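Chains Y and V supply the protein sequences, listed in that same order.
Here the first sequence is numbered in the working numbering, starting from 1 and rising by one per residue.
Here the second sequence is numbered in the working numbering, starting from 374 and rising by one per residue.
Worth double-checking, as some hints may not be accurate.
[Unchecked claim] Straight-line distance between alpha carbons at most 30 Å, and here's what the computed DSS-like set of lysine-lysine pairs gives:
id, chain 1, residue 1, chain 2, residue 2
1, Y, Lys52, Y, Lys265
2, Y, Lys265, Y, Lys231
3, Y, Lys214, Y, Lys146
4, V, Lys431, Y, Lys231
5, Y, Lys265, Y, Lys350
6, Y, Lys350, V, Lys488
7, V, Lys431, Y, Lys265
8, Y, Lys214, Y, Lys231
[Claimed, not checked] Facing chain V, a subset of chain Y residues (Cβ under 8 Å, in silico):
id, residue
9, Leu232
10, Phe243
11, Glu255
12, Phe264
13, Ile325
14, Ala332
15, Ala337
[Claimed, not checked] To list a few chain Y residues with every Cβ distance to chain V over 10 Å, as calculated:
id, residue
16, Ala105
17, Ala128
18, Leu315
Just so you know, these hints were derived from the structure itself, not from any lab.
Predicted model only: the values in this text are computed from it and were never measured.
Heads up, the beta-carbon is just placed ideally off N, CA and C, and yes, glycines get one too.
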Amino acid sequence: MREGRQGLLAELERRGVTRREFIRFCGAMAAALGLPGGASAQIAGALRTAPKPTLVWLEFQDCAGNTESFLRASRPTVANLILDTISVDYHETIMAAPGTQAEEALARVVAESRGQYLAVVEGSIPLADGGVYCCIAGRTALDIAKRVCGGAAATIAVGTCATHGGIPGAAPNPTGAVGVGEAVPGLRNLINLTACPMNVENLTALIVYYLTFKQWPPLDAERRPLFAHGKLLHDACERRAHFNAGEFAEAWGDEGHCNGYCLFKMGCKGPVTFYNCPTIRWNEGTSWPVQCGHGCIGCAEPRFWDRMTPFYGHLPLTPGIGADIDRVGLAATGLVAAGFAVHGVTSYVKRAAERELPAEKSVPPPDRKGNGP
Amino acid sequence: MRPLRPIERSTELARVYVWEWPVRVAHWVIVGAILVLSATGYVVAHPPGRWAPLGTVKAVHSYAAIALTLAFASRVAWMFIGNRWAQWDQLLPVRRERWRGLGPTLEWYLFVLRKPPGYVGHNPLAGAIYTLVFLIELLMITTGFAMYSVSAPYWSPMHAFGFLGPLLGGLQTARWLHHAGMWLLLGFMVHHVYSAVLMSQVEANATMESIFSGYKFVPEEDVVSPRVRRATPPSP
Chain Y
1 MREGRQGLLA
11 ELERRGVTRR
21 EFIRFCGAMA
31 AALGLPGGAS
41 AQIAGALRTA
51 PKPTLVWLEF
61 QDCAGNTESF
71 LRASRPTVAN
81 LILDTISVDY
91 HETIMAAPGT
101 QAEEALARVV
111 AESRGQYLAV
121 VEGSIPLADG
131 GVYCCIAGRT
141 ALDIAKRVCG
151 GAAATIAVGT
161 CATHGGIPGA
171 APNPTGAVGV
181 GEAVPGLRNL
191 INLTACPMNV
201 ENLTALIVYY
211 LTFKQWPPLD
221 AERRPLFAHG
231 KLLHDACERR
241 AHFNAGEFAE
251 AWGDEGHCNG
261 YCLFKMGCKG
271 PVTFYNCPTI
281 RWNEGTSWPV
291 QCGHGCIGCA
301 EPRFWDRMTP
311 FYGHLPLTPG
321 IGADIDRVGL
331 AATGLVAAGF
341 AVHGVTSYVK
351 RAAERELPAE
361 KSVPPPDRKG
371 NGP
Chain V
374 MRPLRPIERS
384 TELARVYVWE
394 WPVRVAHWVI
404 VGAILVLSAT
414 GYVVAHPPGR
424 WAPLGTVKAV
434 HSYAAIALTL
444 AFASRVAWMF
454 IGNRWAQWDQ
464 LLPVRRERWR
474 GLGPTLEWYL
484 FVLRKPPGYV
494 GHNPLAGAIY
504 TLVFLIELLM
514 ITTGFAMYSV
524 SAPYWSPMHA
534 FGFLGPLLGG
544 LQTARWLHHA
554 GMWLLLGFMV
564 HHVYSAVLMS
574 QVEANATMES
584 IFSGYKFVPE
594 EDVVSPRVRR
604 ATPPSP
């Protein structure tokens with residue numbers, strides 16, 4: 001699999017990829033990374049001579065959705081050469097080697113390429129009950145992650161399960177599922193590519209950045225690369241102008257929905273989600289959820305299954321009550337007002353009753369307005 | 374309703390300058406800002422249609438938020454440079470006499486005491502509630518900054534507050550807190566206006582007027598030290 005480390009260009013030529021195609025790919029990567037125009041030449045120059053990165057792909061508590069995304073890399077002739085055909089030495093779902101052979105391949109990479117290979121992790125790692133809920137070849141996911149990610153040049157957690165626990169980690173989280181960063185603290189160069197699934201364009205761009213600049217791109221507080229997660233989805237959305245103008249879909253299939261108005265009132269989580277979904281899109285830039293007419297569910301945000309639900313509501317439900325906070329708030333304010341109204345009447349009646357009592361003989365002095373009794 | 378007779382005066386009333394102008398200005402800016410912010414905030418969360426373009430509504434919300442933040446900051450600063458009734462220890466009941474004054478004031482509200490304990494500035498119970506109000510306002514500013522910072526213009530120094538979002542549990546959680554805080558402030562407003570009117574009637578010391586003029590008319594003995602008027606109801 002790893003024969004001939006003579007750079008990508010030779011591999012590309014052997015596969016019949018034209019120069020034009022290669023340059024177009026470099027331009028697309030520069031755009032995805034938010035780099036200036038000249039960067040595509042730098043990327044092309046670097047990729048020409050770049051050694052092939054060795055990559056192992058671990059799957060834990062996952063649905064293989066990120067693998068699906070991975071296999072559908074657009075511009076596949078070039079991207080596959082970088083991500084798939086050349087360099088993937090271990091990937092449960094797509095590798096030919098079975099069982100013992102497969103595990104030997106993984107062990108060989110960990111032993112021989114220590115500190116040089118890239119570990120991609122898909123799926124969450126269960127910590128409850130000693131990690132028994134996810135075992136591969138007799139080892140727990142935690143054990144494998146410690147061994148493989150610990151010796152990697154970098155660990156790329158793909159998908160929200162691997163980054164923050166995702167759906168297995170949603171309440172009540174019976175398996176104690178967490179992301180790689182929490183399961184194996186202190187990993188060198190951990191990069192989180194969130195979303196459910198992650199967009200392979202971002203994975204390709206991330207690796208291209210690494211090959212070009214020999215370092216990893218700037219990350220946010222969640223260790224997500226800023227080129228993919230630095231901007232609010234809402235601010236890059238093509239329906240944003242409708243939001244600003246007060247034009248909304250009020251029900252599925254209504255006139256506003258047919259006109260492509262903003263999906264904010266249908267519970268779209270674009271205003272609270274950081275992702276480049278609107279610019280990078282899916283299936284070779286064909287479309288993305290909001291363009292299809294469905295609101296964003298905030299899948300790129302940590303613990304989105306707990307925090308972003310209900311997906312078709314604007315806000316999380318009020319804990320302990322389960323209703324919309326604005327209804328609860330209005331009712332509570334009404335109750336407060338009613339309570340004070342009762343207090344006011346009681347107070348007035350009590351003071352009026354005291355006033356009627358003839359006990360106080362002394363005439364109080366008039367107040368400052370001269371209103372004597 | 375016939376006007377009810379105020380508390381009997383045993384001593385002369387003193388005209389006291391209680392609320393200095395920074396306190397009054399901050400108070401009214403905060404009132405105005407909260408009303409504008411609540412109205413525009415509700416419209417943003419429940420957009421009514423084209424007549425309320427959210428781009429404009431959000432801009433108004435942001436300007437009102439700036440006003441609230443500045444008024445809040447100036448009032449907090451004044452807690453350390455203002456007069457004795459503006460000081461921070463009038464809010465946080467950390468001093469013994471303020472802590473002990475909480476009970477009698479609550480008793481008066483619950484009709485146990487016939488007359489409210491006499492305080493020139495805030496009574497201890499009101500002060501403690503205002504401490505919570507300041508904290509809620511701080512929560513609103515924090516969550517608001519967290520949500521604003523992420524889509525601020527690229528040159529904006531507000532990006533410095535981008536770190537707040539993850540600390541608050543993500544922007545969706547910040548949103549919920551922002552709504553909950555609004556209702557707490559509106560609920561407080563109902564209580565505050567009612568209590569001010571009630572106190573103004575019972576004490577007849579120009580409580581209501583004082584937030585415009587700054588002056589209260591209080592028994593001279595209250596200026597020296599607050600007291601609990603434990604008068605028993607007169608027997609027939």
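Open item on the list: Could you work out which of the previously given hints the structure breaks and list their numbers from low to high?
Closed with: When the structure is compared with the hints, numbers 1, 5, 11 and 18 turn out to be violated.
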